[in-house]
Amino acid sequence: MSLLLILTILLPLAASLLIMVGADPRRTALGAAVANLAAALVLFFAYDRIDGGWQFLSEWKILPKLGINMTLGADGLTLTMLLLATLVTVSALWVAPKVGKHEGLYYISLLFISAGVIGAFASLDVLFLYSFHELALIPTFLMIGIWGSGDRQAAAWKATIYLGLGSFVLLIGLIALYLSIPAGHRTLDLRELDQMAATGAFHPSAWIYLILLVGFGSLVSLFPFHSWAPPAYACAPAPAAMLHAGVLKKFGLYGLIRIALPIFPEAMHELNGLLLLLVVGNILYIGYVTVSQKRLDWTVGYSSVMHMGYIFLGLAALNLIGINGAALLMFAHGLSVAAAFALCGEIRSRTGTLDYAELGGLAKATPVLGLLFGFAAMASVGLPGFANFAGEILVFFGATAYGPAMIIPVIVGVWGVVISAIYMLRAYRNIFWGPIAQRWEGLADIGTGAKWSVILLLVPLMIAGFYPQLILKMVGTALPR
Amino acid sequence: MHLSTIAWITLTVPLVAAALILLVTRTSKPFAAGLAILSALITGVGGWTLFLGGAEGTFQGFNWIDFDHAFSIPFALALDPLSRTMLVVVTTIAPIVFIYSLGYMKEEEGYWRYFAGLSLFLFSMLGIVLADNLVMMFIFWELVGVSSYILIGHYFRKESAADAAKQAFLVNRIGDFGFMLGILLFWIATGTFTFGGINESSAVFIQNPILLGIACVLIFCGTVGKSAQFPLHVWLPNSMEGPTPVSSLLHAATMVAAGVYLLVRIFPILSTSPGACEVVAVTGAITALGAGILATQQDDIKGILAYSTISQLGYMVAGAGLAVSAALPMFHLFTHAFFKCLLFLTAGSVILGMHHEQNIWKMGGLKNKMPVTFLTYCCGMLALSGCFFFSGHYSKDLIMACSWEHHRTVFWLLVVAAALTPFYMTRQALVVFFGKPRSEHAKKAHESPAVMTIPLVLLAIPAVCAGYPFVEHFFFHSIGTLAEPEVPHWVEIVFGAAFFVGIAAAALIYRNVGEKDPIRIPFLEHRFYIDDLYFWIVRVIQGGIARIFSFIDRWFIDGILVRGSATVVWTLGFALRFLQVGNLQAYAFFFGAGVVGLIYLLLTVK
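Which chain is which? The protein sequence lines are A and B, in order.
Just so we're aligned, residue 1 is where the first sequence starts under the numbering used here, counting upward by one.
Just so we're aligned, residue 482 is where the second sequence starts under the numbering used here, counting upward by one.
Any given hint could turn out to be false.
As the list claims (entries may be wrong) - Here are the computed lysine-lysine pairs in the DSS-like style, where the Cα-Cα straight-line distance is at most 25 Å:
1) B/K924 / A/K364
2) B/K510 / A/K451
3) A/K473 / A/K98
4) B/K587 / B/K848
Hints were generated in silico from the structure; no laboratory data involved.
Note that the structure is a prediction, hence the values are computed from the model and not measured.
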């Protein structure tokens, strides 16, 4: 089984190699992605929840003197994220059958993002956790720059600066963390770090937490380090936006859960006021910015920034309910935002515009596209039946349990649900409802591939919405009880 | 079959039907309708079986969320006198409206969408009825909201329908904002959100009655949204954009009554908070009167009924706020459901007969052309007006009598509203059914097919009888006492006078009325300008905030961008000086810097 976990990283890389030597890019990439999804499902259900902890371990010594090894393994949280990553990868590869230029490079980039993000989630060693993430970032920038639309170079450049800088701050934080461990015990193994923190063997300064929060935070578009995200997503080709907003962006949250939560329980508590302030900014401020957007891609881009606020709110609750809610929301938001970007791409490829003023009444010409967008919009709005609702309500319960300091963040959070409804329903109404303009009457409905690639995202979203325990029991194995 | 099995089947069958219609029978009209109607009939049988079988207790399902008992959200059905009676209301009316829709929607497109929406609604409504705790009720509460959204927006290509659907959803969400906070507050204060738990938690609040008041009022916000109480009433009249059977089932008989049902559900704890009860009672009374006033100047046949629905819901809410008995608002909910459903269906029949003309000033003289519709309409109209021997009379007078005893302000507001009801209904009846036809459509109007008139007749029976003491005893004896309070004789005379004054005034003005309404009050025609005020608030204040924030964000981006490159270089240099260049650090640093450099080259060098 541990071999299967390694394979999930190697398969996309092997497929890239095959494409380089001349295999059919789309088929090879899709084959690898589907195999990866199957592997993720097998691992997901093969994981022993009763035993819990890290399973499917494998280890290679890299720099033993410095305590650096490449260790791969998985627990429930990893496997949930792995499932998310493989689902979105298949969907992203499947959604758009035509690539304008450099078809091989296009699929290789997507496969690298996939491999990188899976590697990051499956790494137990902080250095590799970080490096795999970098591996996934580079092709993301490439995709925006080469296959993007609109002002793509500026968007790619902006994202590069922000995310490069964020990664760099993160790196500084991780190095500082490493150096704060007493010499002789230095390690970057998550298991040992957790254990040392639990036994009180080392007390890293709260400053390191702050640096990590800024580093991880900018990767997740935590307010006010968010402004790279909307233009990047608006300009990125749909598959890149899906993979980044859906999966890669979750890396920052994943890192906070994995590293900050066990190692800095006290610092997180002391500095919670700051985080809460940023959370309020994420939900309320970004929420209103989202409302004022006039194009669908910007709306979805900003909404994905805003929804990170809920996940941070769950983390800031620092209790069982809130953190579990945050983890569930990571999974749910990943699927729903990927579906939204996929459909954005579908609309744009038909109409050439996502401007509300130019669109309208599309549901008549493209009923299935409209129906699927309705599902994605309702998921984003947090309608019961989708996992997003289950995650949000847990976050609210968790935050409420934290204490009086949470009164304002909770009120803001619940109001955010109203704000989400405002912009998503407006988008739906402006694009799909109302009288149809003559020039849109002949539009073709969504293609088969795109349709199924969105359904592939919506079905697990609804399964987890009807029965959230499926995901909660898994992520629960990784979270403090 | 065990009663708990029947309860679960009753709840889930409409969901299965909705899913099947969506996934399988989108192309087949008869199958879509057949599945929906079959599921509605099954719920009808299930609902009555549970009622007659006296199903009692909590039927555990599964834990929707469960953290090893540290925290769990159970999915369980609560069967008690309250939910049994409500179940009968919903599962009796739903199949009738479903069948009526066969006739009404015959010529319409989007057949499958319509019936899938109705089935989803039925499932969600049954969930509200059977929910055992606040979270579960909230879940179904949101689901009725979305089914209402789908159904109001059925004619989505019309701008007005598209806007109305969106508005209905958003206004309800504003109410739900309070509802959710109320749930959280109850939970943090009492540690539970089951109805049984919070209703027995008054001891927790003895020290802190204000907290209880806030929690109850927050929950009440949900009612204000769903039951269209002032100030969130604006969405209901606009929701009339939906097909008429939808207005009948959702926006008159059942869904909007869910808000009242919520109050009745938490009645034991609500009634221990005088402050919250005051808010509830006064809100209800203001709504009853305000909506009654607005109903007098509506020209749309459904618009009149919509405002009258708001007004009657106001009676129910006021009844709950009087803190007398849970049965009091529930009784009016019960009778209202039948006669208002009937009224909307007769309106639908008229609209169909008039080829989708809804302006009453284009109608006239329909009583001979549509005899069944006319007679059944009269049953509903008299019941709503509070005529003796008709159902509405019993339940409405009971609320007014109780308000005399408990809250004089509310009493007077309700009495005036009670005089307005027969006024606007008589106006509607005279203009629509009497006099001369005012348009070509009215001249050529025809009676609707049997698939529509039979449901009207079926509903006319409870519209007349649902208030009779033996019916009341049958459905309400186990919920609570409904004893008529002692009121002075003159108060009883006032009730009767209100009815006659209303009818007489309308008859005087509208008996031989011409093509136009002789009374025109712009202030009322413009709905007290409340809708305009909200539009202004949304556009100027909300929109303003959004634009200001958006401006800051753009400015922020630019500000950072201008200095972006410089910052990178500066930071890198700064970091370099402070880091000792060892193996690890150098490797990691060059990795990070390399990324930036690589991308820079890729993007700028062509």
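Original post:
Among all the numbered hints in the text so far, which are the ones the structure does not match?
Top reply: 1 and 3
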